[in-house]
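My request is simple: use the sequences and hints to build the entire structure.
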Amino acid sequence: MRVGRLIVFLGVAAAVASMAATAGARTSSARTTTVTFWDAYSAGGGEVKTLEGVVIPGFEKTHPGIVVKDVTIPYDDLHQKLVTGVAGGQLPDLVRTDIIWVPELANLGVLAPLDQVMPDFKKYAARVFKGPLTTNYWKGHYYGLPLDTNTRIFNYSPAALSAIGASGPPKTFAQLISLSAQAKAKGYDLYAESGTSCWNVCPWIWSNGGSVTNKTYTKASGYLNGPKSVAAIQMLVNLYKAGEMPGIIVNSNAGLGTYDGINQNKYVATLDGPWMDAIFSAAYPKTQVVGSLVPAGPAGSISVVGGEDIVMTKSSKNKTAALEFLRYMLGYGTQAQLALAGQMPVLTSSSKWLTRVHPYYATYVKQLLTAKPRTPTPKWTQIDQVITTDVAKAFQGSESVQQALTDAATQIDGLLK
Amino acid sequence: MRPRRLTASSNSGTTSDSLGRSVTALRPRFRPTNVRRRKEITAAYLFLAPGFFLFALVILYPIVRAFQISLFNWSIVPGTASHFLGLHNYSRAIHDPIFWRALENTGFYMAVTVPGQIVLGLATAVLLDAHVPGRGLFRTIYYLPVVTSWVVVSLLFQYLFITDGGLANWILHDNLHLVGHNIDWLGTRWMAMLSLGILGIWKGIGWAMVIFLAALQGVPVELKEAAAVDGAKAWARFRAVSLPAIRPVIAFVTVMLVIGSFNVFISVFLMTKGGPLDETQVLLTYMYRWAFSYLDFGYGSALSFILTLIVFVLALAQLRLFRRPAEAHS
Chain C
998 MRVGRLIVFL
1008 GVAAAVASMA
1018 ATAGARTSSA
1028 RTTTVTFWDA
1038 YSAGGGEVKT
1048 LEGVVIPGFE
1058 KTHPGIVVKD
1068 VTIPYDDLHQ
1078 KLVTGVAGGQ
1088 LPDLVRTDII
1098 WVPELANLGV
1108 LAPLDQVMPD
1118 FKKYAARVFK
1128 GPLTTNYWKG
1138 HYYGLPLDTN
1148 TRIFNYSPAA
1158 LSAIGASGPP
1168 KTFAQLISLS
1178 AQAKAKGYDL
1188 YAESGTSCWN
1198 VCPWIWSNGG
1208 SVTNKTYTKA
1218 SGYLNGPKSV
1228 AAIQMLVNLY
1238 KAGEMPGIIV
1248 NSNAGLGTYD
1258 GINQNKYVAT
1268 LDGPWMDAIF
1278 SAAYPKTQVV
1288 GSLVPAGPAG
1298 SISVVGGEDI
1308 VMTKSSKNKT
1318 AALEFLRYML
1328 GYGTQAQLAL
1338 AGQMPVLTSS
1348 SKWLTRVHPY
1358 YATYVKQLLT
1368 AKPRTPTPKW
1378 TQIDQVITTD
1388 VAKAFQGSES
1398 VQQALTDAAT
1408 QIDGLLK
Chain H
14 MRPRRLTASS
24 NSGTTSDSLG
34 RSVTALRPRF
44 RPTNVRRRKE
54 ITAAYLFLAP
64 GFFLFALVIL
74 YPIVRAFQIS
84 LFNWSIVPGT
94 ASHFLGLHNY
104 SRAIHDPIFW
114 RALENTGFYM
124 AVTVPGQIVL
134 GLATAVLLDA
144 HVPGRGLFRT
154 IYYLPVVTSW
164 VVVSLLFQYL
174 FITDGGLANW
184 ILHDNLHLVG
194 HNIDWLGTRW
204 MAMLSLGILG
214 IWKGIGWAMV
224 IFLAALQGVP
234 VELKEAAAVD
244 GAKAWARFRA
254 VSLPAIRPVI
264 AFVTVMLVIG
274 SFNVFISVFL
284 MTKGGPLDET
294 QVLLTYMYRW
304 AFSYLDFGYG
314 SALSFILTLI
324 VFVLALAQLR
334 LFRRPAEAHS
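Going down the list, the protein sequences come from chains C and H.
Just so you know, we're using this note's numbering here: the first sequence kicks off at 998 and counts up by one.
Just so you know, we're using this note's numbering here: the second sequence kicks off at 14 and counts up by one.
By construction, these hints were calculated from the structure, which means they are not laboratory data.
Bear in mind the structure is a predicted one, so any value in this text is a computation, not a measurement.
Residues from chain H that keep clear of chain C, each with C-beta distances beyond 10 Å, as calculated:
id, residue
1, 108
2, 116
3, 121
4, 136
5, 143
6, 242
7, 258
DSSO-like mimics (lysine-lysine), calculated; alpha carbons at most 30 Å apart, straight line:
id, chain 1, residue 1, chain 2, residue 2
8, H, 286, C, 1376
9, C, 1316, C, 1078
10, C, 1369, H, 286
11, C, 1216, H, 286
12, C, 1363, C, 1168
13, C, 1414, H, 286
All C-beta atoms, glycine included, are put in the ideal place defined by N, C-alpha and C.
This is the structure we're talking about:
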């Protein structure tokens, strides 16, 4: 019977194909180990291009038998991707994670403590800046190593600054206030800020001598609503109410974003990180942006530490190969390549050559000397939302600054318990 | 074929059919019918099985699981213990002012978008039901927003409604001078919800239109002609003939749109992120925040289960409301 023969033939063919595929897979897995790496490198400023075009090919060339499968996820989606990965037990071998997520992931028990599983951890830990390294510390162990660091500085358009008649960027709070009025008279907003989270407002709180919590991160009352923190936010609120700051600080849809506003000569400056230069070069090549230190308050010029850490998951089945790639990412050559793409290296030795890669890094390096990290706690996302909401209430005028920060501090006290 | 009605004899205890014949006599004749009926029923269940299996897998199981999770302080890490909280997460929701605000906002969105889509969708369908030139083209144009990505149109509408520099204010304020100052479309609660509603209506008209158009084309022409012969004008024909004829379709569209409006998420998430100050949170964005930002899946699941209950009750209420009088009495 023709149909019967056909079925037998198809069955045999399927069996042969299946055996061949299995054999192929075995041969292939014997030859290579695949390390999966999730990251949120930006496609806009050439970071992804450097990773995929230079770093990974370089690693695979020097490490035959290891293939790196890079999965680039937009920053805004990475946290959710990690959460679903945790719930589904489908995490990659390595993750380049925002420094603020490390305590949360470590607390969930999904990260491998590097100080225990990486034999040469101490050697690599000694190579990196101490501040970024501490962002990997949670309950007695280091769960990662810093991969890149950054901070926010006062990035301004020299052309706009000149248009408002200023001889230079504001160096102190007092100069910021006077130049803001001067800018308004010329139809500009001197300082545009895109939100009220700690990333946005903490540099002003810290520079004024205030703080979010006590030094042991156990209490916010008396600190976030202390007189120095309140005065710092009050200064910004006063600028906003005088019409000298754009409404995007409270409502992102109130006007142009910071980059568009600077490019269109509406805003003079914003606080932002080292990626700004690469993005402006690519997207707004006609607009020059220069950086200076955050205007200093009574406590000095203190900004916020940002950046990413590289962590290995407990569930990784290729820990040896994953650690090899982790080490490679912290190599001098890799760090220099990524520095060219706008990622500030974490190696202490980089301060010697970093400004040769990009002169604008000099200000960031200087700012990092005094920059502070945000509160390392698994509840940080929730705490930051409390700060965002309550500070916004002060800007909108529904609550006084003192009242808003006291409300926030009370809520944060509960979250820190 | 309907089975014959059997009547029980109260005197003898034997059973006879309506014609008075004994069941014993009829039994041989009934057997093939019963077998056939059983086969039909089996076939029907077999046809239903794949659909029901999918329904159970992607709808029923998640609902039951969400309810289970909502009773715990749920640990998302597989294999780790979760703490049983009972109905605590539901109690939290009842005492959470932002939950109530999110519920109000969702209700407002429903109140704006459901009638908007029905009225405009029906009007468009009526216009396209007439033999106008380029009907196919208009159908495509009106349906285009339905197949466009929510992400794309949300970002587009966000740009339209930006306070300083957005198209809406550029037209209303800068060109037509209809308003004295730029409207803060996405910065205040009700204006933002209205803007989101406008997007929802614009995106949904095409879907309602297609369904209504199909229904209108099924209305018997003879009825319309008879009404016209009786002197009914176009509006009267529509009101007295077409509208009652498509009543079940209106019910279907209403139920689907109400369910859809309670599931509003992407536009709010992208355009306002529930802000400023949580003023534009809707149930799903608020649930998302608790589950995926704060990793409190217990509370997030409680919120989603409450949403499920609300939608279920609303759908039931609407189905009862739209029942034909005959169905209501049966």
